[in-house]
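Top line first, the protein sequences correspond to chains A and B. The numbering used here puts the first sequence at residues 6 to 267. The numbering used here puts the second sequence at residues -15 to 178.
Keep in mind the hints are simulated off the structure, nothing from the lab. Computed from a predicted structure; not experimentally measured. Every residue, glycine too, gets a C-beta built ideally from N, C-alpha and C. Just so you know, nobody snuck in bad clues.
Facing chain A, according to a computed beta carbon distance under 7 Å, are these residues of chain B, among others:
#1 66
#2 76
#3 88
What the simulated footprint calls covered on chain B by chain A, stretch by stretch (three residues with Cβ under 8 Å from a Cβ of chain A suffice, anywhere in the stretch; the number is not a length):
#4 33 to 44
#5 133 to 147
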Amino acid sequence: MVIVTALIALVQLDAAKTGKPSVIAIGVTSVAVVAQSAASATLGALRSAGAAVADVPKLATENAALRARNRMLAAENARLNEAVASLPEARAIANESAREPAGIVASTIGFDPENVSRQITLDRGSSAGVRLDDGVVDEDGVVGRVVAVTPFESTVLLVTDGASKVPAVVQRGRWWGIATGTNARMRLQYVSQDAKLKPGDAVVTGEGRSFHAGLAIGTISRVDHPEGALYQTAVVEPAVAFGRLSRVVVLPHGERDRAEDP
Amino acid sequence: MRTDEDIARTRAFWMANKPGETAAPAYVPDPPVWWHVGIALAAALVVQSAIAPFAAFRGASVSFVTLLVAWYAVRTGSLPGLLFGLIAGSCEDALAGSTGAAWTFATGFAGLIAGRLARTWLADTKIVLVPGAAAVTLVRYGAFAVAMQAEGRPLALPLAHLHLALWQSALDAIVAFALLRLGPDLGGHVAHRR
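The shape of chain B in the complex, shown without the other chains:
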């Protein structure tokens, strides 16, 4: 984690070298404030558990938790992504009730993978982040299926789950695109590109 001075210095450097000009974009290490992320996670969990069946499309609903974990991991790195993924996943396991620790490890793994993009030019590229959201959703769902199998509770109707995972990844990609294109300033690389 960088200090405030580092952040200020890097920002000043970035401001001096305007986007689109010759200098390469400098990484701006300003991770989200923890309580902002906490509130966002709580809201995502409550919204998902309250409206999931009503907002479902082809049986699948948007996973705001996955998007939040991926966003946090892309902005902070693999280890913080893993930690946040474990926390978010354990909350999902608590609300889902019958999944043991499957969401915990699947979401932690997704955070770990998404965090690999941090501090690379890929994290600065919308054309990568949108399909990246879909890929992280699929990876997470796959890890969930593996974890459930390892816990001795294999998923019933595997084809239906594959169908669900594909639709959920498509929905997550659409929402990620909408958020990146139309949403509020999410900070990090993408915001500084504007």
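Here chain A stands alone, though its shape is the one from the complex:
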């Protein structure tokens, strides 16, 4: 028993030191992906069934159609706004996008078991091409970035987690800042005092390791402009509804890195 105890401790310690998933982690996640997928599907079905019972079918259909149309128009509006606001960057972004291979579609199958971090587990791992630091988005905007990968699963740190930091730009005035998670929302930090931030301003990603520029992060809901401070901050409501995340797209930035490696 002592030997087994020491062995487990050593394996985990070694994995933590090297930053790579341990044999235990690979084994557990390979088995857990099946159980988690089943649990997630069951939970999803139960929630859908509850919603279907609660709604009048016709009303629900019309509502879904209108929501989809509204989302499409909002996304198109955001795209057009971004295109106008960042015209000089457009060529570079287009070139970068052309070099980007297709995103990897993945489903959410789990969460942090202790709910300590705001993170989700996806049913795609390194065998599907997911790599560390890949950006993850859904139809509404930025979800987070990949922080752990095993062959059949990957873990995504949501942008609302306290440890998440994303380079961000306020779309209206091209003011830069860092969007840091505060668990439920985000805080836009290190924005220059001369920036004239207003509630309702759209915040998008700046060019970074995990994301290209121009992806929706959220909307400013409050501006803190302390006297005498070097920077101002703002509270940002996330664009993504994290409570109903189901399918996401992983942006494989790794392909670009591999192409650039000699």
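Starting from the structure of chain A, add chain B where the hints point.
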């Protein structure tokens, strides 16, 4: 670990001296069957990872893994508690993804501490076990924070984490009370008190 004969002899002794009478309660060394514990651990992990955000109260959710490790350790001792804690923690690290080995060592430490109650009168006392569940949860969370710091990944928003740890310990104590009061026969000291 005692043999089956030891267990049978101790049980017979206990049956002869009815609870509440003059004889002191004898320790009944019947550790849980390993595969029962394995299934319970797998179920706890799947349930926690599937519903944690939906079942959260004030941002915290019940840690069935902590309760399971504490229960096993109280019934078996420090070394088995440590071993089971390491196994349970490594599974949590695998599912959490970005915690390195922090849950492994924190849960192992919690099992080690909870196991100190085994073979003592404290393990036979509900009024100790319920706040004990809360204390083990806090100790585990503290050990987790220390391990994360040691791994070079300090917890962001420490106040939020303290808030989370306090709520989780309260929830764990409530669930421990409910299980001890209303749950199935969990064996060990508590069951033989009935």
